[in-house]
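Note that the protein sequences, when read in sequence, are chains A and B.
One point on numbering: in the numbering used here, the residue at position 243 of the first sequence is 243, and numbering is uninterrupted.
One point on numbering: in the numbering used here, the residue at position 216 of the second sequence is 216, and numbering is uninterrupted.
Watch out, some of these pointers could steer you wrong.
What the hints assert, rightly or not - Keeping only pairs whose Cα atoms sit at most 25 Å apart, straight-line, the calculated DMTMM-like set for lysine to aspartate or glutamate is:
id : chain 1 : residue 1 : chain 2 : residue 2
1  : A       : Lys76     : A       : Asp56
2  : B       : Lys255    : A       : Asp120
3  : A       : Lys419    : B       : Asp27
4  : B       : Lys255    : A       : Glu433
5  : A       : Lys419    : A       : Glu397
6  : A       : Lys76     : A       : Asp416
7  : B       : Lys255    : A       : Asp282
8  : B       : Lys90     : A       : Glu434
9  : A       : Lys337    : A       : Glu91
10 : A       : Lys242    : A       : Asp221
11 : A       : Lys375    : A       : Glu397
12 : A       : Lys219    : A       : Glu433
13 : A       : Lys130    : B       : Asp73
14 : A       : Lys242    : B       : Asp73
15 : A       : Lys219    : B       : Asp73
16 : A       : Lys337    : B       : Glu77
17 : B       : Lys255    : A       : Asp56
18 : A       : Lys242    : B       : Glu151
19 : B       : Lys255    : A       : Asp442
20 : A       : Lys445    : B       : Asp82
21 : A       : Lys445    : B       : Asp60
22 : A       : Lys287    : B       : Glu151
23 : B       : Lys255    : A       : Glu93
24 : A       : Lys76     : A       : Asp145
25 : A       : Lys342    : A       : Glu129
26 : A       : Lys103    : B       : Asp60
27 : B       : Lys255    : A       : Asp355
28 : B       : Lys255    : A       : Asp72
29 : A       : Lys242    : A       : Glu434
30 : A       : Lys130    : B       : Asp60
31 : A       : Lys158    : A       : Glu281
32 : A       : Lys445    : B       : Glu151
33 : A       : Lys419    : B       : Asp171
34 : B       : Lys255    : A       : Glu281
35 : A       : Lys388    : A       : Glu281
Claimed, not checked - Covered stretches of chain A, going by a simulated chain B footprint (3 or more residues, C-beta under 8 Å):
id : segment
36 : 105-115
37 : 127-141
38 : 269-275
39 : 422-436
Everything labelled a hint here was simulated from the structure, so no lab data went into it.
Note that the structure is a prediction, hence the values are computed from the model and not measured.
Beta carbons: idealized from backbone N, C-alpha and C, even for Gly.
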Amino acid sequence: MKRLLMIILACTLVFALAACGGNNGPSPAANNGGSNASNNQGDGGQGNGTGEQEPDPVTLRMAWWGGQPRHDYTLKVIEMYEAANPHVNIEAEYASWDDYWQKLAPQAAANEMPDIIQMDLSYLTQYAEKGQLEDLTSYLGEQIDVTNISENAISGGKLDEAIYGFNLGVNTIQFQYNPELLKSAAGVDAIDPNWTWDDYAELSKQAAANGVYFDTGVKEDVFFHYYLRSHGHSLYHPTEPKLGYEDDALFVDFFGRLAANVQAGGTPTPDIRNQLAGNIEDDPVVKGEAIGIFQWTNQFVAVNNLAPAELEMQPLPGPDAEEGLYLKPSMFFSVSKNSEHKDEAAQFISFFVNDVEANKLINGDRGVPVSSAVKEALKDSLSPEQAKIFDFIAWAENNSSPLSPPDPLGSAGVMDALKSWVEKLDFGNVTAEEAAAGFRADAEKALERAQN
Amino acid sequence: MHTETIKKRVPRFGSGRRLRSQLTLKDHLTGYAFISPFVLGFLMFTLIPIGASFYLSFTDYDLFTTPAWVGLDNFTEMFTGDQRYWNSVKVTFIYVFAGVPLRLAFALFIAMMLNNASKLIGVYRTTFYLPSIIGGSVAVAIMWRNLFGNEGAVNAILTTMGLEPVGWFADPLAALWMLIFLSVWQFGSSMLIFLAGLKNIPQSYYEAANVDGANAVQRFFKITLPLLSPIILFNAVMQTIAAFQTFVPAYIISKGEGTPMDGTLLYSLYLFRQAFVFFEMGYAAAMAWVILVAIAIITALLFLSSRYWVHYESKGG
């Protein structure tokens, strides 16, 4: 009887340990045996698997946000890299945009950040100033091959004379639309490239009258920032911890107009948008329920592949679109300060931005490549939709203004306040004036609090 | 194992006191060794973090840099400056004080149905307990979100019944009720405890009541409820404490944001957002201590009130 109990106890312990191991799969505590689950189980509780005979096997953790297509091809790029560098094993941790940042923060606090982190301009300041990211300056020209990459592109990840993120591609915002639906629902063949916000409201009304959404809403902070820039302001003050515009009429004008579209049925209500967030397969454009979508150029291919018709591209509404528009590093790869294999991580980044075969898989999903050699090599193999993006970026280079500084500390609170006030406004619970004042109060409080 | 049994015998029949004390010390050590996983775990993962969070609640701490002492600032801001805080308190109180009684009533109702002898009782019990086992999981919350979605099953049913579909994600209160329904649905553990309590009520009381001509309602209010009241108290306390700490369903259903319009921004979700989205760790720690005190007070009130409605058979005779 006692022996039986001991056996049961032993089994329980083994299972408990195995369960711990399984949970820790993506963490550094996981064994070197391999990246797939079956391998982990095979090793059981014996800790490190025997591994390969390679000298110094290295396990890198790499994290990114995105949708399913991005996960798929990134995993292929990783396989490609592992095949070329058998001693490197890369463990992937991927999530949607929201989940990604909520997961990264505790990891940072625990000094458990992945070695390679996909980073966005809006979070770069936060992580860099808190000493979480490695300055990549000393890796340039060493582990990271920059022979074909312009100084300008590299400096996109610059903050206080240090490079905290390596630019993966160039990006800008635009309106992508389904021309067939535009014709049938809004009654026009094409949108005037010099359209204004008034034209937009008019088209939205048309679409709503025909029971179709014109657009699927905007990411509040990005497009408000664009609008403010076109009026000579910006969302954040470049130096002080406050908003970059003084006149709340700008807020009222911009979001009041958008809220009117929502209430007229030209844009989905926030509850519908929330349910869709991060799920491109259910996007109204994909389902043929909306004419177009305001978003980044690098997101064009994914939507276009699923959309019922070939999508067209369109600059954002003006007036003064040129002042508002900017080219932005689509995203960065940063190396975490706590990484034990910074050299290896930098080498992977170099591969990611410079390898032509890898970039054929990436296919511009992380922005138009920064390497001129890659751009040149891709030219012949570009798909038509890809070529559209390259052309649009080339056009935007001549029709945009310099990038604003990276978002300041506390921007997470500002974005949250903006989203929350715009939601109230879209539901018609507050007036645009109330939302403008409420947002200003909350935002400035968030910025001030982050300063201490 | 064998050595252990022998050791135990030795002191009993042994000759010297010295041997005995040595063995006692050894026994003590063995004892400590056996409880050490708990003790160490308790120290490392409970006691020390509790102390740290108490200290942090008086600091401004952003997770990455050294905490800076700010005294009572966090608490002042919480009580006087933060409207969203009070909104989250309101939402949480509605959630708890609507959800817990409903859940208990539902659990008692099902328990009484299951109290009848039936061959399939085991199957029923398991079936009704299932939602509680899987209830805290992410999958259920995602399923719930889809059920209540604009094109979800709930609205489809409402429409076929000729009712207006509800925008569950458009109205803050509707979204909160969706969460409450989820918590009511997870009544299993309370139900099991009620079931055990019901089985403890002597059948003879009911028989006597029957003889006296009491009907089912009278039997329920005069016999079942009073005799079950200690169990109700227990369940109420446990469920209230648990409900105050609800996080997962609110997080999953609102995608971590408490939407719409903070309607599902439960206390713990707001706390989480302060900590891991806004990096206000000190503020979050202060919030955690306030809710701890609040739960303690409410639990104490429940216990105090119990003398007016809980009937202990042994005491009253």
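Here is what the structure says about each hint:
no., hint, verdict
1, A:Lys76 with A:Asp56, "23 Å, holds"
2, B:Lys255 with A:Asp120, "20 Å, holds"
3, A:Lys419 with B:Asp27, "62 Å, violated"
4, B:Lys255 with A:Glu433, "28 Å, violated"
5, A:Lys419 with A:Glu397, "30 Å, violated"
6, A:Lys76 with A:Asp416, "35 Å, violated"
7, B:Lys255 with A:Asp282, "16 Å, holds"
8, B:Lys90 with A:Glu434, "22 Å, holds"
9, A:Lys337 with A:Glu91, "18 Å, holds"
10, A:Lys242 with A:Asp221, "15 Å, holds"
11, A:Lys375 with A:Glu397, "15 Å, holds"
12, A:Lys219 with A:Glu433, "20 Å, holds"
13, A:Lys130 with B:Asp73, "23 Å, holds"
14, A:Lys242 with B:Asp73, "21 Å, holds"
15, A:Lys219 with B:Asp73, "33 Å, violated"
16, A:Lys337 with B:Glu77, "34 Å, violated"
17, B:Lys255 with A:Asp56, "41 Å, violated"
18, A:Lys242 with B:Glu151, "42 Å, violated"
19, B:Lys255 with A:Asp442, "22 Å, holds"
20, A:Lys445 with B:Asp82, "10 Å, holds"
21, A:Lys445 with B:Asp60, "14 Å, holds"
22, A:Lys287 with B:Glu151, "14 Å, holds"
23, B:Lys255 with A:Glu93, "19 Å, holds"
24, A:Lys76 with A:Asp145, "22 Å, holds"
25, A:Lys342 with A:Glu129, "19 Å, holds"
26, A:Lys103 with B:Asp60, "22 Å, holds"
27, B:Lys255 with A:Asp355, "37 Å, violated"
28, B:Lys255 with A:Asp72, "23 Å, holds"
29, A:Lys242 with A:Glu434, "19 Å, holds"
30, A:Lys130 with B:Asp60, "14 Å, holds"
31, A:Lys158 with A:Glu281, "35 Å, violated"
32, A:Lys445 with B:Glu151, "39 Å, violated"
33, A:Lys419 with B:Asp171, "16 Å, holds"
34, B:Lys255 with A:Glu281, "17 Å, holds"
35, A:Lys388 with A:Glu281, "22 Å, holds"
36, 105-115, "holds (count 4)"
37, 127-141, "holds (count 3)"
38, 269-275, "holds (count 6)"
39, 422-436, "holds (count 4)"
Going through the hint list in order, the structure does not satisfy hints 3, 4, 5, 6, 15, 16, 17, 18, 27, 31, 32.
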